[in-house]
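Student: Sequence:
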Amino acid sequence: MAEGCSEEHARSLIPFDVRQHWVMSANVRSLMHLMDLRAKDDAQLEAQQMCELIWPHFEAWVPAIAAWYKKNRWAKARLSP
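Using our numbering, read the sequence shown as starting at -6 and increasing by one per residue.
Because the hints were derived from the structure by calculation, they are not lab data. We put the beta carbon where it would ideally sit given N, CA and C, even for glycine. Don't take each hint at face value.
As the list claims (entries may be wrong) - DEER-style ranges, computed between Cβ atoms:
| no. | residue 1 | residue 2 | range |
| --- | --- | --- | --- |
| 1 | A3 | P56 | 21 to 27 Å |
| 2 | S23 | P56 | 16 to 22 Å |
| 3 | A3 | W54 | 31 to 37 Å |
Using the sequences and the hints, build the whole thing.
Tutor: Shown next, in the form of structure tokens:
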């Protein structure tokens, strides 16, 4: 943090930054809500990257909804119903 890093980014410089394996389940609405909150430009970098990794799976699962979402809501921070 002395170099001007935020606490969130400084943690990657210490030896406790360990990659983990995890499993996630969600429905379409909850995935859109997650991306509404975490894919926007001012979200934490790791959360944005996670949304980018989830996106191809979402697109393959529900292509019509994904196309609509990408056009109308991706990274716009509009909350889902």
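Student: So, against the hints stated earlier in the document, which numbers end up violated here?
Tutor: Number 1 - this is the single hint that the structure violates.
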